[in-house]
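Peer 1: Chain by chain, the residues:
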Amino acid sequence: MGMVKILNGSEAAATGARLCRVQVVAAYPITPQSKIPETLAKYVETGQMQAEFIRVESEHSALTVCISASTVGARAFTATAANGLAYMHEQLHWAAGARLPIVLALANRGLGAPWTIFNDMQDSISQRDTGWMQVYCRDNQEILDSIIMAYRIAEQIHVPMMVCFDGFVLSHTSMPVEIPEQSEVDRYLPPYEPHIPIHGSEPINVNPVMLAEPRANAQGELCPSYMGFRLRLQEALQDAGETILTAAEEFYQVFGRDYRHFVWEYRNDDAEIVLLTMGSLANEAALAVDILRDRGCRAAVVALRLFRPFPAEELRRALENAKHVVVFDKNVSYGLEGATCTETKAALFDGGLHPVVTNYIVGLGGKNVDVADLTEATLQAVQGKNRSDGPIWLGVAV
Amino acid sequence: MATNVLQLPEEEYILPGTRSCSGCGLALAYRHILKALGQKTILTIPASCLTVLHGLYPSTSVKLSNINTAFATTAASASGIVAALKALGKTDFTVVGVAGDGGTYDIGIQALSAAAERNTDFIYICYDNEGYMNTGTQRSSATPMGAFTTTTPTTKLEHKKDMLAIMEAHGIPYIASASAAYPLDLYDKVKKAKTIRGTRFILVNVPCSPGWGFPTRDVVKLGKLAIDTAMCVLHEVEDGVFRLTGRSRAMARSSKKKPVADYLKMQGRFRHIDAEHIDLLQEWLDQRWTRYVARHQLCEGGAEASKAGE
Ligand SMILES: Cc1ncc(C[n+]2csc(CCOP(=O)(O)OP(=O)(O)O)c2C)c(N)n1
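Protein sequences, first through last, are from chains R and V.
Position 377, counted from 1, in the first sequence is what the working numbering calls 377; the numbers after and before it change by one each time, with no gaps.
Position 271, counted from 1, in the second sequence is what the working numbering calls 271; the numbers after and before it change by one each time, with no gaps.
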């Protein structure tokens with residue numbers, strides 16, 4: 001059994017990376033993530049962690065260092081937020097395309113311009129098509145645990161993973177976190193074995209230029225085309241479910257904490273009204289559900305823990321009996337609606353489910369979302385008072 | 001002792017059938033660079049003609065391990081390789097980033113400067129063909145004044161950026177310039193760089209027949225003329241000590257330098273340069289050459305003086 005400490009989300013993320021025996025860390029400071037590289041730098045300099053810490057000059061380089069380190073065979077970690085993640089964009093594609101099991105901790109923050117340092121999920125949602133897996137955490141324990149599971153999963157299927165958590169709301173809020181024993185983590189997470197080791201005697205050319213048609217190698221074997229590589233990445237994400245669940249099952253066996261679902265559900269046994277969201281907002285949604293239940297509404301929370309790969313099947317099961325799905329998105333795909341809403345609707349459509357779906361855009365740039373707002377917005381949606389073509393921006397007077 | 005051609009390793013690391021253009025200055029230089037580096041090398045190369053030279057998946061024309069990397073990232077990629085090797089306890093690899101002038105002077109300079117500031121233990125080789133050749137001869141900040149490129153269709157008006165001075169300002173242990181036209185000098189410089197720890201920077205002038213507009217057979221001739229006119233100056237800065245080397249040193253001793261017009265007239269890219277700009281270029285070259293010679297004499301004199309004092 002590990003010991004319980006009071007940690008903020010950034011410390012929980014750094015502790016997770018340390019326990020995973022990450023070998024190369026490269027990160028560039030950005031609020032609200034800065035505490036993560038600071039904590040890791042301290043671990044490395046005081047000998048609590050055996051790792052190379054590269055103090056890079058930008059996020060683009062931070063992820064590049066991780067990419068090359070991972071290619072050579074080291075377990076690599078980075079952390080960022082907002083514009084830092086946007087600045088990594090090119091390399092996010094590179095990491096996933098090269099099938100490298102890098103783990104990135106993301107303290108979600110709104111993107112400039114105009115500047116904000118506060119939380120929303122526009123940053124990670126904007127990167128959803130880069131081929132990374134994305135999980136969203138509800139509390140600091142989940143941050144630490146998710147990082148440990150992330151390496152397990154990423155190294156099994158060779159796809160990088162982003163562990164996202166709300167900036168300030170979690171990154172700067174302290175709460176009790178159980179820190180597992182190193183020996184238990186070692187048992188759970190074996191050392192990283194690269195799938196294409198580099199040694200001088202058998203040279204390899206990693207990520208060369210390629211063409212649209214398959215070509216034969218020197219042995220006459222047909223090798224994949226560019227599109228073939230893309231298809232394999234798609235399949236890896238599509239088929240990741242089992243690996244993720246197995247990792248969660250074994251995590252449960254070793255550490256006793258339960259992440260054996262892609263969605264987190266609260267009071268969803270007989271619910272007709274589902275508040276659907278992601279990340280720490282699920283906690284406020286749960287309080288709203290308690291109030292709604294007191295008022296006689298059969299309400300529940302369904303919070304996506306996994307966003308990529310998108311757990312459509314599990315989501316459909318969780319929404320099977322819902323008559324109203326009220327989606328609270330902390331992001332917006334401009335010109336359409338919140339991304340979670342679109343994807344939920346697509347999952348429902350594929351399953352032939354037709355609840356009334358209402359989309360609220362909430363909490364952008366740190367705008368407070370309190371329980372009363374969620375309660376009231378849900379009631380309005382259910383009463384059909386808030387019909388509109390696009391999403392409804394909650395609580396924006398001006 | 002300078003290596004002679006009989007002493008060059010026979011082992012070839014570039015196989016016949018590269019995808020470079022015929023008469024490619026880079027291919028010539030690269031062949032000798034790789035001979036100097038040897039098998040225990042991990043290369044990292046960004047988008048450039050060199051990516052093309054390496055060949056198309058699933059075959060490659062180069063027999064050393066290489067990690068292809070995004071355009072801006074050569075030095076950061078090398079930093080990651082160095083860090084991983086250290087973390088894994090693998091001590092016998094030389095890590096080498098090789099990028100074009102565009103990937104070095106322009107988009108890659110931030111990562112390069114940062115890696116040099118950290119004194120990352122790697123060799124950075126910039127091959128300078130004075131333009132973005134892979135994308136079809138656009139201007140880079142290494143393009144000389146007066147040259148036509150597709151993005152300076154009426155010739156470039158600014159002088160080449162002094163990348164060597166920028167790297168020198170980082171205080172790294174070894175800096176050198178070399179030329180594809182003098183492969184043995186290049187070979188020796190890479191060999192020497194291999195023995196030094198920390199960030200080492202080598203700039204290699206590589207004439208580019210299609211980009212510069214000269215017959216492929218003239219690649220070496222033109223490379224030599226670049227040195228004879230001081231468009232390219234061979235030198236080394238080792239632990240802060242500056243010295244001209246090879247042909248450039250001989251030129252400093254004999255005080256002989258050819259007019260730049262001799263060099264310009266052999267190349268299509270300078271066909272639009274007017275007399276006024278030739279003069280400006282000549283003046284710029286003369287001043288730079290004078291500074292180089294003065295520095296060389298200062299350091300050489302200093303070295304001789306200290307020997308006399310022993
Ligand atoms: C971010 C980014 N921008 C642009 C490009 C397109 N691009 C590929 S190679 C290249 C020019 C390379 O020039 P240089 O580094 O001088 O090498 P050379 O082609 O001359 O060998 C450019 C602009 C790219 N690959 N990535």
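To be clear, the hints were calculated from the coordinates, so they are not data collected in a lab.
Check each hint, because a few of them may be wrong.
What the hints assert, rightly or not - Computed far set for chain V versus chain R, every beta-carbon distance over 12 angstroms:
(1) P58
(2) K90
(3) D92
(4) Q138
(5) P153
(6) P210
(7) F242
(8) S254
(9) R271
(10) D279
(11) Q282
(12) G301
Stated by the list, open to error - SDA-like cross-link-like pairs, simulated, lysine to any residue; straight-line CA separation at most 20 angstroms:
(13) V:K90 <-> R:L353
(14) R:K323 <-> R:L353
(15) V:K40 <-> R:I204
Beta carbons are placed, not taken as given, at the ideal position from N, Cα and C, and that holds for glycine.
Peer 1: All hints are to be evaluated individually against the structure, with a verdict given for each.
Peer 2: These are the hints, each one checked on the structure:
no. : hint              : in the structure
1   : P58               : violated, 4 angstroms
2   : K90               : violated, 8 angstroms
3   : D92               : violated, 8 angstroms
4   : Q138              : holds, 19 angstroms
5   : P153              : holds, 28 angstroms
6   : P210              : holds, 19 angstroms
7   : F242              : holds, 28 angstroms
8   : S254              : holds, 44 angstroms
9   : R271              : holds, 32 angstroms
10  : D279              : holds, 40 angstroms
11  : Q282              : holds, 38 angstroms
12  : G301              : holds, 38 angstroms
13  : V:K90 <-> R:L353  : violated, 56 angstroms
14  : R:K323 <-> R:L353 : holds, 9 angstroms
15  : V:K40 <-> R:I204  : holds, 12 angstroms
The structure fails to meet hints 1, 2, 3, 13 from the earlier list, while all remaining hints are met.
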